[in-house]
Amino acid sequence: MLKIRNLDAGYGKLRVLKNISLHVDGGEIVTMIGANGAGKTTLLSTVIGLVSASSGEIIFRDHDRTKEAAQKIVAAGCVLVPEGRQVFATMSVEENLILGGYVLQKNRGKRAVDKELGHQYELFPVLKERKAQLAGTLSGGEQQMLAMGRALMSRPRLVMMDEPSTGLAPLVVRDIFRVIVRLRDEGNTVLLVEQNARAALAIADRGYVLETGKIIVQGPAEDLLANRDVQRAYLGREKIE
Amino acid sequence: MYWEPERECMPREDLEQLQLERLQSTLYRVGTHVPFYKKKFAELKINFEDIRSLDDLRRLPFTVKQDLRDNYPYGLFAVPLRDVVRVHSSSGTTGLATVVGYSRNDIKNWSNLVARVLTGAGVTRDDVIQIAFGYGLFTGGFGLHYGAERLGASVIPISAGNTKRQIQIMQDFKTTALVCTPSYALIIADTMMEMGVNPNGLSLRYGLFGAEPWSEAMRHEINEKLGIRATDNYGLSEVMGPGVAGECEQCNGLHINEDHFLLEVVDPETLEPVEPGEVGELVITTLTKEAFPMIRYRTRDLTRLIPEPCACGRTLMRMQRVMGRSDDMLIIKGVNVFPVQIEKVLFEIEGTQPHYQIIVERENHSDKATVLVEVNESIFFDEMKKQRQMVDHIKARLSSELGIGVAVKLVEEKTLERSLGKSQRVIDKRSI
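Sequences listed follow chains H and Z, in order.
Our numbering applies: residue 1062 is where the first sequence begins, and numbers increase by one.
Our numbering applies: residue 714 is where the second sequence begins, and numbers increase by one.
Just so you know, not all the hints are guaranteed correct.
[What the hints assert, rightly or not] Simulated restraints on C-beta separations:
hint : chain 1 : residue 1 : chain 2 : residue 2 : range
1    : Z       : Asp769    : H       : Arg1076   : 12 to 22 Å
2    : H       : Ser1113   : Z       : Gly990    : 36 to 46 Å
3    : H       : His1124   : Z       : Glu985    : 29 to 39 Å
4    : Z       : Glu862    : H       : Phe1149   : 37 to 47 Å
5    : Z       : Ala755    : H       : Asn1168   : 33 to 43 Å
6    : H       : Asp1086   : Z       : Asp768    : 21 to 31 Å
7    : Z       : Asp768    : H       : Pro1186   : 48 to 58 Å
8    : H       : Lys1167   : Z       : Asp763    : 24 to 34 Å
9    : H       : Arg1169   : Z       : Asp727    : 47 to 57 Å
10   : Z       : Ala755    : H       : Gln1256   : 29 to 39 Å
11   : H       : Arg1076   : Z       : Arg771    : 24 to 34 Å
12   : Z       : Ala930    : H       : Glu1129   : 41 to 51 Å
13   : Z       : Asp768    : H       : His1124   : 18 to 28 Å
[Said to hold, decoys possible] Just a few of them, taken from the derived set where beta-carbon distance is under 8 Å, the chain Z residues facing chain H:
hint : residue
14   : Arg725
15   : Leu728
16   : Leu733
17   : Ser738
18   : Phe749
19   : Asp768
20   : Asp796
21   : Arg799
22   : Thr832
23   : Glu1063
24   : Gln1066
25   : His1068
Keep in mind the hints are simulated off the structure, nothing from the lab.
Keep in mind the model is a prediction, meaning the values are calculated, not measured.
Beta carbons are placed, not taken as given, at the ideal position from N, Cα and C, and that holds for glycine.
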C-alpha cells in the first residue's frame, strides 16, 4: 500500500528525516514510535504532501507520489488525522464530518456521504449524541474521535494518525485505541505515529523506531516489545522476565 | 507446504523493500554498538545515510573469520552480555575459536527459519525428528532442535554417536525424519545392514543433511539405502547456524531465507561480484540479527545462485549446494578444521619440526584424518616407548584443539614435500 524509500525531508536547511525507508501493507497497523523531535510529524506531513521531500520516493498504491500535491494524495485515498486533533471548532460535529466527506461527495454524491455519516455515528456513538454541538466544546477524547471520524468519511485506503493519545487520560486512550483496532479488523490500514510506545506496540502488527530522523530498529510489534533497547528507551522500567 | 507463505512467496519488490529497511537499521546497529564496525566505517568515511540501495552494500567492508578471532570472545557483540541468552562457539583454543551470541529475538528468528527449512523438506508437526547432530557449542544440534520444536514436531535430542543405539531408537521411537551429516547417514545405513535391520520396516521418510559437502550421487545412495527423501540445508554459525538456506521438495537448489540474509557471490580473488549464475564465494550480510550482526561476511564457501523461479512457488532465490572452499579449511566428520590449528599445536610441542601434512580419506563413509609430523632424527633412535608417548601426546593435543580424533604418524625430517610457494599441507583423498 505505502512504500517509502530513502526519504530525506526537512524544513529549509534543517534536515529532519535522513534516509527513511518503511512500508505499510494493506490491512495492518504499523506504528512509528519516537520521542519528541524525532521527526514523526514531519514524516506524516511529507507523505500527505504538506512538506516536500528533498530526495527519496513515496509510493502509494503503486504510484510514485513523492512530488504530488496534498489534495491529490488525499483523493488517492490517504488521509491524516493530525496532531492535536485540529477540528473546525466553530462548526458542529456533523458539519465537521460532512466536510471530511468532501472527496466522497465529489465522486459518489450525497447519498454516499449520508451513508458514510451513518457508519461513523455507529463507530462513534458519542458523536451521534453530540452531532449538533460545536466541535470546539467537545472534550479532548471526543475531539479525537471527531478527527478520526472526519478522516474516515472519505473511505480512505490508508489512515495516518499523528499521536492520537496526546493530552488524553489513560482510559480515553484505551477507548481510542480500541477503535483503531476495530478499524484494522474491518479491513482498514493504519499508520500510527505515537509517543506512547507501550499503547501503540500493544495494538500494532509492526513497528519502526525513529530517533533523530533515522529509523534505528524495526520489526514485528512483539519483537520490539521484547527488544531491550526499546524497553530501556521507550517502555520505561525494564521488565523482569 | 510453506511455513510462512507470505514471506516465502512474497513478490521480489516487496522483498527488496524489506531487505533495504532491515539493512539500514542493521547498519545503524553495528555502526553505533560495535566498535569494530564503527571504526571501519569511520576509516572508510562511510555514513549509513549513504546506503540507499542494496547495490550500495558493495561500498561496505568485508568481514572475515580472522576479525572474529581477533575479537574473541565478545568483541563483536552488538548488545550487552546480559541481553545475550545463548552463546555458541567453534572449536579451537584461544585465538582460534570464534564466539557468536543470540538475543531472545535472535533465538526466536533462528527457530522460525529452521522451521521453514524443515517444512520445505516436507516435515510437519506430526513428524518424529531424530537429531543426530552434536549438542553443545556447535550450532547444528541446538539450531535444528529449536526449529523442530517450533515446528511442533516430536523431537528426539539424541545427539551424535553410538550408532547402534541410534538405530534402536529409530525403530522403537518410530522416527520419521533424520537430521545429521550425510556421511553419518550412510554409516547408519551400513550399520543397519550389519544389524540385519530392514530400512523398509522403519517409519523413516525424510532426511535433512548438512554441515559437509555432499554430491547428488551420495543423495541417491542415501535415498536408496534408507528409503527416504534426503534434502540439503546450509548454515554457518558466524551468521546464525543452520537455517540460512534449505532445499524444497524439488531437491534442486537451496532456497535462501533472503528476508533475513542478504547474499552476494563474489570472485574470491578480486572480491568483485560475479555475473548472475556464476560460481563464486558466498558473502552474507545479516538483516535481523540483534546480538551478533555481520556485514558482508566472507563464508569461503563456493557456490552459484540459481535465479530461475522454482517450481515450488517460492520466490526466495536458490543457491546450488556448496561445491568447495576458497580457503584451506577442511570439514572432517562434520567439524571445521583449519590446518593452521595443527601448526599451532605442533609449535608448542618439543621435538617436532614445523612441517606436517594432513591426509584425509573416507573409509566406509567415515572420515579418517592422519597427520604426518616431521620430527627430529633422534626420536627414531629412542625407545619405542618414547615414540609411542610422543605420538599419544600429539594425538591428545590435536584432538583437544581440533575437536575430532586424528591418527598421528611420525616421519623423518625432510621427508615431506617442500615447495617454494605454498606447501602442500593438505591431501584430501575423499571424493564425494
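Quick rundown of the hints versus the structure:
no. : hint                                : in the structure
1   : Asp769/Z with Arg1076/H: 12 to 22 Å : holds (19 Å)
2   : Ser1113/H with Gly990/Z: 36 to 46 Å : holds (42 Å)
3   : His1124/H with Glu985/Z: 29 to 39 Å : holds (36 Å)
4   : Glu862/Z with Phe1149/H: 37 to 47 Å : violated (57 Å)
5   : Ala755/Z with Asn1168/H: 33 to 43 Å : violated (54 Å)
6   : Asp1086/H with Asp768/Z: 21 to 31 Å : holds (25 Å)
7   : Asp768/Z with Pro1186/H: 48 to 58 Å : holds (53 Å)
8   : Lys1167/H with Asp763/Z: 24 to 34 Å : violated (44 Å)
9   : Arg1169/H with Asp727/Z: 47 to 57 Å : violated (31 Å)
10  : Ala755/Z with Gln1256/H: 29 to 39 Å : holds (32 Å)
11  : Arg1076/H with Arg771/Z: 24 to 34 Å : holds (26 Å)
12  : Ala930/Z with Glu1129/H: 41 to 51 Å : violated (60 Å)
13  : Asp768/Z with His1124/H: 18 to 28 Å : holds (24 Å)
14  : Arg725                              : violated (13 Å)
15  : Leu728                              : violated (11 Å)
16  : Leu733                              : holds (5 Å)
17  : Ser738                              : holds (5 Å)
18  : Phe749                              : violated (19 Å)
19  : Asp768                              : violated (12 Å)
20  : Asp796                              : holds (5 Å)
21  : Arg799                              : violated (15 Å)
22  : Thr832                              : violated (19 Å)
23  : Glu1063                             : violated (50 Å)
24  : Gln1066                             : violated (52 Å)
25  : His1068                             : violated (51 Å)
The structure does not agree with the numbered hints 4, 5, 8, 9, 12, 14, 15, 18, 19, 21, 22, 23, 24, 25 stated previously, though it agrees with the rest.
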